[in-house]
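J.: If you want the building blocks of each chain, they are given just below.
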Amino acid sequence: MSSLSPPAKKLWWKEPIHKSELLWISLVFVWGLVMTFMMPYWHVVGKQNLGTDTYKTTPKAFQAATEAFVEKYEVRKEGPRNYPVVAPPAGGDVYLIARLWDWWPIVELKKGETYRFHLSSLDWQHGFSLQPANINIQVVPNYEHVFNLTPNETGEYSVICNEYCGVGHHLMIGKIHVVD
Amino acid sequence: MATTTFRTCPDTGLKFFNSTENLLKANAVAAVVFLLVGGLHGLLVGMTRWQAVHLLGAEDFYMVLTAHGLNVLIFWIIFFEIAVLYFASSVLLGCRLATPKWAWAGFALMVIGAVMNNVVVLQGNASVMMTSYAPMEAPPLFYLSLILFAVGALIGCFVFFGTLVVAKNDKTYEGSVPLVTFGAITAAIIAVFTIVSGAIILIPTLLWSLGLVGEIDALAYRLIWWAFGHSSQQINVSAHVAVWYAIAAILFGAKPLSEKVSRTAFLMYILFLQIASAHHLLVDPGVSSNFKMFNTSYAMYLAVMASMVHGLTVPGSIEAAQRARGHSAGLFTWLRKAPWGNPTFSGMFISLVGFGFLGGITGVVMGAEQINLLVHNTLYVPGHFHATVVVGTTLAFMALTYWLVPVLFRREIVMKGLAKWQPYLFGLGMSGVSLFLMGAGTLGVPRRHWDIGFAATGGITHDFPAAAYTMLALNGLSVIVAVIGGAAFCVIIVGSLLFGRKLGDQKMSEQWIADPVTDEEYSANGGSAFAIPGTVVLAMVFFVSFALYYFINWKYLAETWGIS
Amino acid sequence: MSDQDQADSGEVPMMQKLLDNPFLLLFLGVASPALLYLVWGLAEIFTIPVR
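Chains as they are written, first to last, in numbering that gives the first Met the number 0: chain P, 0 to 179; chain L, 0 to 563; chain H, 0 to 50.
Mixed in with the good hints there might be a few duds.
[What the hints assert, rightly or not] Label-pair distances were calculated between CB atoms; the ranges are: (1) TYR555(L) - LEU21(P): 31 to 37 Å; (2) PRO58(P) - GLY561(L): 27 to 33 Å; (3) VAL11(H) - GLY210(L): 31 to 37 Å; (4) ALA42(H) - LYS100(L): 37 to 43 Å; (5) GLY9(H) - TYR555(L): 53 to 59 Å; (6) GLY56(L) - ALA67(P): 38 to 44 Å; (7) ILE16(P) - MET539(L): 17 to 23 Å; (8) LEU21(P) - GLY561(L): 41 to 47 Å; (9) ALA465(L) - ALA42(H): 45 to 51 Å; (10) ALA546(L) - GLY9(H): 37 to 43 Å.
Derived by calculation from the structure, the hints in this document are not laboratory data. Ideal Cβ placement from N, Cα and C applies to all residues, glycine included.
Build out the structure end to end from the sequences listed, making use of the hints.
T.: See below:
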């Protein structure tokens, strides 16, 4: 009688379990509890927990909100595309548009300050990938995702798109500056 | 029903109902064809990712990547799984197949869907990746082809369930179904949920692409699509675990250490494996952290526990059988004396180790809600699933095929020397692919991305570390090794079907299926065979690796920006 | 061997009855993820407030 045939004992449920199996089952069960505990534990003590505040919006409304944000806090233009660099006050809101195929505008943040990001797409799905900080967040059209980011190093960061968005996907790159 | 005839295989004693046999052959051949097509696309993908080679242009790359994913992840795997379902029901239970006509209709739909899909994708207007995330739009025929394929597969599942009823009514077995059949039941149940979810989302999307529905909600699409896209990979897990148990029985005559433990582990799959579709939504807006934590943990990791139990009981049952047959010295004599030159064994064992160490650990670690922030949509993700679906599922299916071809087609395997090395080539090449993609992903390299050098952005660039480019080059080399291994498999199997020495009704000189280990053999030496110390040591090595890697990633996470 | 005797006679335990019933398992295997994942997830998505 092998695994290819019906069990030899008709009432196999009553057969005793071998010690080595029991030991392993107990160990992996406890390990499962540890891993189950880690996620809520990190919500309490960890500093990296992506907020899930979300609002339904429209591309038009989100674009208007972002344009107002740029108008208010623009400090200069920059780069080959002459994009506005926007420096919001510490603790303030940041609006960032994902669209085919760029991120708009360029944002300048202060190290150690917390900003309230508003992220949405004007067309298809995109992927907010902040490098080299390695923070990756899905961007979905018609939904405004609101969460806080606190930069812990100064430097020039790239925002790469890591959700496939058509033939120009690899052209989609933006910038976030972090200054002292 | 005039044609209820059975053939008894002279080598294995298995009874083949004639319709079952023909359907097994048809599904297996279709599977290998799509593996070949998809594998060659994979070669082009790997050669383009290698930045120094950068073989294809952007448009071709995205088209070929779409075709690669669909052919290997869906068509190859599901055709083979339908064959596994029919084998585990009609053949293992020794009964006729329920409604062979429906089974053929299902097969025809699957072939039409798969061919149509390839035609649509290779015309170039449907480069939307396997996920086809709305509101990115593909031509209606793209969605229709997937729906046809899925309906065909669903028919196959119901033929399987019907066959279970036939066997029960005809009393072709006593007591409970074999463990391997139970694993196939698990796969079929997950397949039903998978396909129904696919229908719920793809049918409205088809109507939307035809202009009959106004809008597809992008978040709802993601949620439901992943119930289809991720669960379909859970069909694979259940099916290849069943294949591991089958191969342990075929080569060693092994019985499960405990029917109760192995079946309960499958029950945890049935109840909880599918909710891990939430792995893909961990950095999405809109769904709460409670939803993410509960679902990504497969309900407190009960389904992970199940995989770790199978990971112990499959090699454990082999160890027990080997010890009962006299290989009882030391910790690992049973493993050293295993038939490492037999591709059915080496393929199965590499599948087991690769699935556990490379695919399993990384999957659970990146499935922790917060750790996912580090790797979501990077090359880490394809790195992970090349270990689960390719080293794990595909290699397990290849291993079984070496055994199945002589049984089913009554032809000897050709090029046995090459066959001996094939699982090593494929397994090691693909493990390299997995490792190097994960390495690049850890460095932030995005998936599905044509040019991480950003040459065409007009001067806005990002400098990935040199190590990322090295990883992609090493990935390219590994792809070549793996494709040689995969092509060798296709050549050996097709060659055997066409040119293998005909076996007819003659028994082969080699014993093709091991005699089941008897209770007397197991209980010789005071029943110590079941102590399985070697497997326990291997399991502990696995556990320590898992725990270390898990906590290293939390530490790594703690170093990035604050996010709340 | 009393274990063996026990394993060969008597009432079929409830858990074994469940595991021997593929259609009940099919129901559970579809209902469980449908409720825990699909219904829960859709309920959250459809109650997202409008800005």
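J.: Next step is simple, just say for each hint if it's right about the structure.
T.: Consistency of the hints with the structure:
1. TYR555(L) - LEU21(P): 31 to 37 Å: 34 Å, holds
2. PRO58(P) - GLY561(L): 27 to 33 Å: 29 Å, holds
3. VAL11(H) - GLY210(L): 31 to 37 Å: 56 Å, violated
4. ALA42(H) - LYS100(L): 37 to 43 Å: 42 Å, holds
5. GLY9(H) - TYR555(L): 53 to 59 Å: Cβ of GLY9(H) to Cβ of TYR555(L): about 54 Å, so the range 53 to 59 Å holds.
6. GLY56(L) - ALA67(P): 38 to 44 Å: 40 Å, holds
7. ILE16(P) - MET539(L): 17 to 23 Å: Since ILE16(P) and MET539(L) have Cβ atoms about 19 Å apart, the given range 17 to 23 Å holds.
8. LEU21(P) - GLY561(L): 41 to 47 Å: Since the Cβ atoms of LEU21(P) and GLY561(L) sit about 43 Å apart, the hinted range of 41 to 47 Å holds.
9. ALA465(L) - ALA42(H): 45 to 51 Å: Hint holds: Cβ distance 47 Å, inside 45 to 51 Å.
10. ALA546(L) - GLY9(H): 37 to 43 Å: This hint holds: roughly 41 Å between Cβ atoms.
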